[in-house]
Amino acid sequence: MDFMVFQYPMISVQACLDGILLGILFALIAYGMALQWGVMNIINIAQGDLVILGGYIAYFMYLYGIHPAWGVIVAPIIMYFIGVGLYKLVINKVVDRDLFISILATFGISILFMQLMNFAFGADVVLANSGYGTTFLFDSAVVLPNSKIFSAFISILFAICLVIYMKKSKLGRAIRATAQNARAAKILGVDTEKVYAATFGINAALCGVAGALISITFTIHPYMGLPYTIRSFMIVIVAGLGNLPGVALSGMGLGVFEEFADYILGTEFRIGAVFLLLVLILVYRRFKLSRKREYLK
Amino acid sequence: MKINKIILSFISALALLLSSSVTSFAKVVGDKIILGSAISLTGKYSSNGVHTQNGYNMAVDRINSMGGVKVGGKTYKFEIIYYDDESNPKRAAQLAERLISQDGVEFMLGPYSSGLTKAIAPVTEKYGVPMVEANGASRSLFTKGYKYLFAVLAPANLYLDVAIRTAVELNGGKGVRIAQAFEQDAFSQDVRLGILDAAKETGSEIIIDDKLPKELNDMAATLVKVKQMKPDVLVVSGHTKGALTAIRQIAEMKVDVPMLAMTHCDAAKLSKQHGKNSQYALCASQWHKTLTYKDDFFKDGMTYAADFTKEFGYDPPYQAAESSAALLVFKDAFERANSFDQKKVRDALAATNMQTFYGNIKFAPGGQNVDKPMVLFQVMCDSAGKCENKVVAPLKWASAKLIHPVPKWSER
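Residue numbers (this note's numbering), protein chains in the order written: chain P, 1 to 297; chain S, 298 to 709.
Bear in mind the hints are in silico, worked out from the structure with no lab data behind them. Please note that the accuracy of each hint is not assured.
Quick list of in silico lysine to any residue cross-link-like pairs, SDA-like style, CA-CA up to 20 Å [said to hold, decoys possible]:
1. S:Lys524 <-> P:Asp139
2. S:Lys551 <-> P:Asn118
3. S:Lys511 <-> P:Glu268
4. P:Lys88 <-> P:Ile73
5. S:Lys527 <-> P:Tyr8
6. S:Lys573 <-> S:Asp482
7. P:Lys194 <-> P:Gly38
8. S:Lys511 <-> P:Phe138
9. S:Lys524 <-> P:Gly38
10. S:Lys524 <-> P:Asn146
11. S:Lys551 <-> P:Gly133
12. S:Lys527 <-> P:Lys194
13. S:Lys596 <-> S:Lys607
14. S:Lys573 <-> P:Thr134
15. S:Lys508 <-> P:Met4
16. S:Lys551 <-> P:Asp139
17. S:Lys508 <-> P:Phe275
18. S:Lys659 <-> S:Tyr590
19. S:Lys329 <-> S:Gly401
20. S:Lys551 <-> P:Ile149
21. S:Lys508 <-> P:Gly272
22. S:Lys511 <-> P:Leu137
23. S:Lys551 <-> P:Val95
24. S:Lys524 <-> S:Val552
25. S:Lys524 <-> P:Leu137
26. S:Lys511 <-> P:Leu226
27. S:Lys511 <-> S:Asp482
28. S:Lys524 <-> P:Phe3
Just so you have them, the derived chain S footprint on chain P, three or more residues with Cβ under 8 Å [said to hold, decoys possible]:
29. 14–27
30. 114–122
31. 143–153
32. 251–265
Virtual Cβ for every residue (Gly too), placed ideally from N, Cα, C.
Please put together the full structure from these sequences, using the hints given.
Shown next, in the form of structure tokens:
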């Protein structure tokens, strides 16, 4: 245990800012997960792998001399079609089935994606350099890479666009209707098949954006997807489905929690701390639920 | 019932006969010496697995085309049976078992990485199969008393030892303040033990001792501490991802540290991925093409590098060079043993004392190579942004002068 973070107030500020910027990015991935979980009742274990695939798209643009920031536009477009294709191939067969079946199916997709990415792009760790420089705050005591600020800004922009789209567009309304009651929506003429495909596509597109941002801010590697799946699962569990402000808040909370865990417990326990928090939240939820049940009795 | 039993025993007898006949001919078939290797062609080690395989293949072709191996007045050629271990230790152990008991291989070449070598070594040891390995540097491989394991590379605890000693020397012989961050795998933890030993011997102090996770892609917390505590040396070992993440975040956060020493810069293609940001980083390496060791097959490092690039289209990382050296060691041992008896070959391997283009090779009783020091190179870039790795330590092999302390970011 190391309590340096509390001895120097500027380190706390640094940890909070780092955590918030990181959390906003997590929230974007989690929002995609919440969307398709809510609409299709599918927990997508391959979420993180879709993120990494998006990262590779930005990386390849960078390799060919295009600035990787353009990846946030190109990656979601390609990923949307990959998402729709994936839905038509596999996911449509597990919608409406037991949750366990969908977990198994997406787990299989996750393994397949990892191996395919490894096969296609190699096992090297790669990154795309944005050359965005650094912002110094408080007399250089706090340092923020501009790539992180850029990531957070783009994530917020996409989230806002998505909310407006969901509220105003025809497809958005159809998606919300299907989420509320798929059967009723079907009776009222909503083509739920199309809605499901679009939802999965939108989720993949969001993963694509996040992946492009991760390739600019951190590193990518074919086997690095799982931590992103776990984080988004956890954010959704805390925030609940269809609650965007909740997802954003719990994303940022998780980001800050991770940063402090990193400083206090050490980097090696960072993901471990996330797991522990997940277990605690699940236990707490169960406890709350059982009390409610007793009351109902 | 009785007939069934007879048929069954007949079939088993036949199977036994067939399998044993395969075994007895497999080690040397006609004029071929068959070596076996489980190697990571897929999975997370596949890049370095391929470097290893290319190194092996290059040496096999070279030795075969230059007269092969002479044993008992007859000339033999090398051939290697490869299986893909999928970067998975359990799979590697199974494949070693298969190579030995089904394919009848009696001499093995090592896989890639310490972890996989650790999985295979008990199997080769059980069957008394001599294994020359070139990519498992973990200290724990050499403390288990294995008799049939020989490593052509220097053990992991020596990787960054020379960096600490150089820093102390530059500090006028006084101890330095060290910040270190290591991944939690067998290899990096051994590198860490080496640093602890060096620190103790030189009277240096370790002021930050962070451990990094397997899924590392953010080490901002460690770097913030480094900014605050201002150590003299920052040491990082976390395979390719550690090297890449460290350089990216040090440059972004403008962390000034007089000396930065790392492992795996070669495999991380540091200067290619980070350009000028990687300048001044010190990297531990088993081998560098400018070293002046010589042998009859590859001449020297520069010639090896040129030939390798011609054949495979990229500059050889040290993983390829050490793998090629493993074959040279086997050839030398077979000829000195003048036999294919596993015990005799093993004894000949233990008595190896030779120079290859990769370095001197002489095995300690534990099986590690004690005659080849690690080298440190520094990434140096010209004003046009073209970067090169130049050997700076030990002084005997240096092709450039170490730049120390690293200039501050504000002055670059």
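(request) Any hints from earlier that this structure breaks? Give me their numbers in increasing order, please. (result) Result: hints 2, 4, 6, 8, 9, 12, 22, 23 break, sorted rising.
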